Amino acid sequence: MAGPTPEGHVDQFLQHLLNAVMLGGTYALLGIGLTLIFGIMRVVNFAHGELYAFGAYTVYLVAAALGLNFFLGLAAAVIAGALLGALIEVVLLRPMRSADIDTVMLVMIGAWIVMQNTELFVWGGVAKAIVTPFPDAPLVIGPVSISWLRVFVVAAALLLIVASDLLIHRTKLGKAMRATFQDAETAALMGVNIKGIFTATFAIGSALAAAAGALLGPVFLVTPTMGDLASLKAFAIVILGGLGNITGATIGGFILAFVEEIGAGYISSGYRDAMGFLIIILVLLFKPTGLFARAERVG
Amino acid sequence: MTRAFSPIWLVVLFTVPLWLQDQYTLHVLITTGIFIIAAMSLNLLLGYTGQLSLGHVAFFGIGAYASALTTLGFDVELFGFRVVHQPWPAIIGLFVGMVVAGLSGYLIGRLSFKVRGAYFVIVTISFAEVTRLIALNWVELTQGPLALTNIPPYTLGFPGLGDYTLWNKAAYYYFVLALGLIAYVVISRLVGSRIGRAMIALKENETLASSVGIDVTHYLVLAAVVSAAMAGGAGSLYAHYLKIIDPDIFLFIYTVTMVIMVITGGKGTLAGPIVGGVIFGFLPVVLRPVAAPAVQWILYGALMIVIVFMLPRGIVPALQRAMVNWTTPARKPALAPSIDAAKPGEGQ
Amino acid sequence: MKQFAGTATLAAMALAAGIATAAAQDSIKVGVIQPLTGAFAASGNYVANGAKIAADEINAKGGVLGKKLELVIEDNKSNPTEAAAVAEKLIVRDKVPVIMGAWGSGFTLAIMPKLMEYKVPMLVETSSAGKITTSGNPYIFRISPPSAVEAVAFAKIVDKLKIGKADFLVVNNDWGRGAAEDFGKMFKQHNIQVGLVETMDPPAQDMSAQLAKIKASDADTLIITTAVEQLTLIFKQAAALGLKKRIITTGGSQNPDQLIEQAGAAANDTTHITFFTPWNPNVSADPAMAKAFIAEWNKRGYPFAGLTESFRGYDGIRTIAAAITKAGKADPEAIRAAFWQIELNGMNGKIKFEKAGPAGQESGQSNPGIYLIKIENGKVVLPSV
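So the sequences go chain by chain: A, B and C. Numbered by our numbering, the letters in the first sequence go through residues 1 to 299 in order. Numbered by our numbering, the letters in the second sequence go through residues 300 to 647 in order. Numbered by our numbering, the letters in the third sequence go through residues 648 to 1032 in order.
Quick caveat, the hints were computed from the structure, so don't treat them as lab data. These numbers come from a predicted model, not from an experiment. Mixed in with the good hints, there may be bad ones.
[As the list claims (entries may be wrong)] Taking lysine to aspartate or glutamate and the EDC-like style, the derived pairs with C-alpha atoms no more than 16 Å apart in a straight line are:
1) C/999 to C/1009
2) C/938 to C/741
3) B/542 to C/764
4) C/891 to A/11
5) B/468 to C/1009
6) B/468 to C/764
7) B/502 to A/100
Generate the whole structure from the sequences, applying the supplied hints.
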């Protein structure tokens, strides 16, 4: 069975690389969102993937069902994601602040079930496609091609990653969040409004997840179960990058995307989604604090 | 209600097939019973040892597949060697299923108890997903999505009375009931023993338990093995009842179902998984004509949230408290500690 | 107290049974199991609606054996365990003598043990896994072609397409893998080389890795077997990668109209093996019947795109009605025996069951014809081959 030519091998590899970059950018958004929530609030947010799905369905609603501008849909997804996140935090999480981590986890699982099935009820189980205003013909750079939509997704993802970083490191809010991450009690004593910080954190994390969904939804399809894998991959990224570590989450997102592409391309396409899980298991067994985190007690 | 199985209940349970004509309801009872056994095993880890294992369905599925493969035989290539297995009687499959599941419980226990809390949860979920993908992709062994079909039912040999094959529902119902009772007794003996007390101590305060000399990992692993073996047994029952098993058995939604059963029933109680199991085994059947499946699941999710908020310890403890309040004459609290409802999630 | 409850229950059940029997005198029930909700809800509803058209048509002409045909339609929720559960309910509670179902091969396979247990026949209208008719279940009668039959039908025109070497991209289940195997065997017999065989998980949405591999291969044709949602993604991703090979899809779940709508320009120049051509009913096996069916479908306001699947529900119910008529009574065993004796015209050829599977326990398999269509400039055309 003749395989690709030597040039074909390089081309194929470059193509995989390009795909990985696009996926990595959006995965990074997912990861950053969760690492903030998981890190600052110590909440095992199983509903994270549902915010991702919510973002995608919002774009579908605005751009496809209502026929409005696609970019308007993207903006709406991010804003709606933030609002929904804030709502969840205030209604479900705030009353549970004194509860143990297991109980909160169960509440988030309940929220996940309710959100996913609400989407299923409203939109039905059949996958939905979002038509975008980008040209159909791909951008061809030498031997590799990439669609304009994907170019946009990469650009938008990088923009949001940079924005998140600026938010955390250059603003007052970010400073307060970092202080809360380091030591919530002391931060409270210092006058930080912990309640507000938590709401803001969950809102921002959810907005990032919704953005990831809004960007990837048009690339693939929108289904009610799309959030399941997203949740678990987000956890893989957070574990890879270390809790609360934005840079780690960003790099982790790209690493996961890369491993998935290479694994699917050269080892076995059927096990593609298993790569994330394998990473989780391996990292937790051998380097539980993540590849980049400073030492931190686990569990 | 210190004993969930007072004599009246036992009599009712044993006579069900005699007065229940509806085969379909009997079918639901059987599948509910199987899931209750699995829920009881999850309760051991979740309720008594305090470890939120969300990969539990992996043990259930491993038990199901191991049992089915033992009974059907297989012929695969492993690392260059041909491994062939001839079909064995189905009842041996039950034991093989339990052993293989127990072994995986041991492995998972040993490996993942290095990490605790949220990370442990994630590892267990990942384990279940990887198992599902293996079942799906290792087609030579598991037939992948084609499913293992024509799984034969158990044949029980009674010395002197001859063999009896469990084809009809009533017979299977009794078999599941018997195994369920055995499982219940095993768990109640275990938690009542010294081992059980050590496990509960672990859940209450791990550091403290460790400081008084309780070998934390040893007991966690023991709980994992027993829990996994029991779930594996339930899986085998499931496989030999449906007579078909496919990788969908590893879907996370089944773990969630078991978790809901345990949490709403009452984790850390003996009757909890049974009550939760009955509710969530029959709720879909009752709701089917009136609500779309998506709506049913919204109700389950909402119910779970409400229970965690309002009855954080579950239905059974709440009922027990209510019984106590009801039967005890009112008197001044005096110096007695308050028995108000615990704040959400304060644990037991 | 318990005894009273028991007696009361028995009395109520007897009453209910009496009422049910009385009602049953006037109609013959046929169970229909389809995915009405879940991932395959669109397809399931098309088939169910096609079935209803057939039932209404038959009843308008006097019904079957002088009684009305009553469809009891149940939802398998796109899930194999649920499929088995509703099959049980239909047989035990509704006492249907025959069933049609269950769309997906996984669902049909899950129901098969129940058929053996209760000895009730089932008409398989869509599922195409080979295993369904080769596992020794004498209660299965299938009108949809497994990939082996599809490959044989395709073999009649494959030489004209001048394929040198073909890669496969199939969904990772019985259906997809079976297609790769059966078409691969047929290709080898026609001196066509088989290249890569790539698979994708049923819910997978990112096939770029597989497509990148395929793009780099030296095959000239890509054979794809999967359902319309994944096809949409594959076409879009293939176009984005600049994949230039000829694409042929198989399996009958392509829904070309939806492909055109959702994949847009990426769907152009793709070829498809289908089992019914609503775009040109004149090439059907029975043009008059096809036109009437299409007219009724449009009259009821159903989407045109659904015709590529709904005809199976239509053919299925007509086949069942023919079997019941032949059997002379609404009895499962009689209907089962009658299936072997009937012969009628379906939308894509003659429906007549031939033995398939191990001797002594054969299932019935009918052999329909295929049609080759192409999407050009956003329209479906029937190429002359």
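Structure-based check of all given hints:
no.	hint	result
1	C/999 to C/1009	holds, 14 Å
2	C/938 to C/741	violated, 34 Å
3	B/542 to C/764	holds, 11 Å
4	C/891 to A/11	holds, 15 Å
5	B/468 to C/1009	violated, 27 Å
6	B/468 to C/764	holds, 11 Å
7	B/502 to A/100	holds, 12 Å
Of the numbered hints listed earlier, those contradicted by the structure are 2 and 5.
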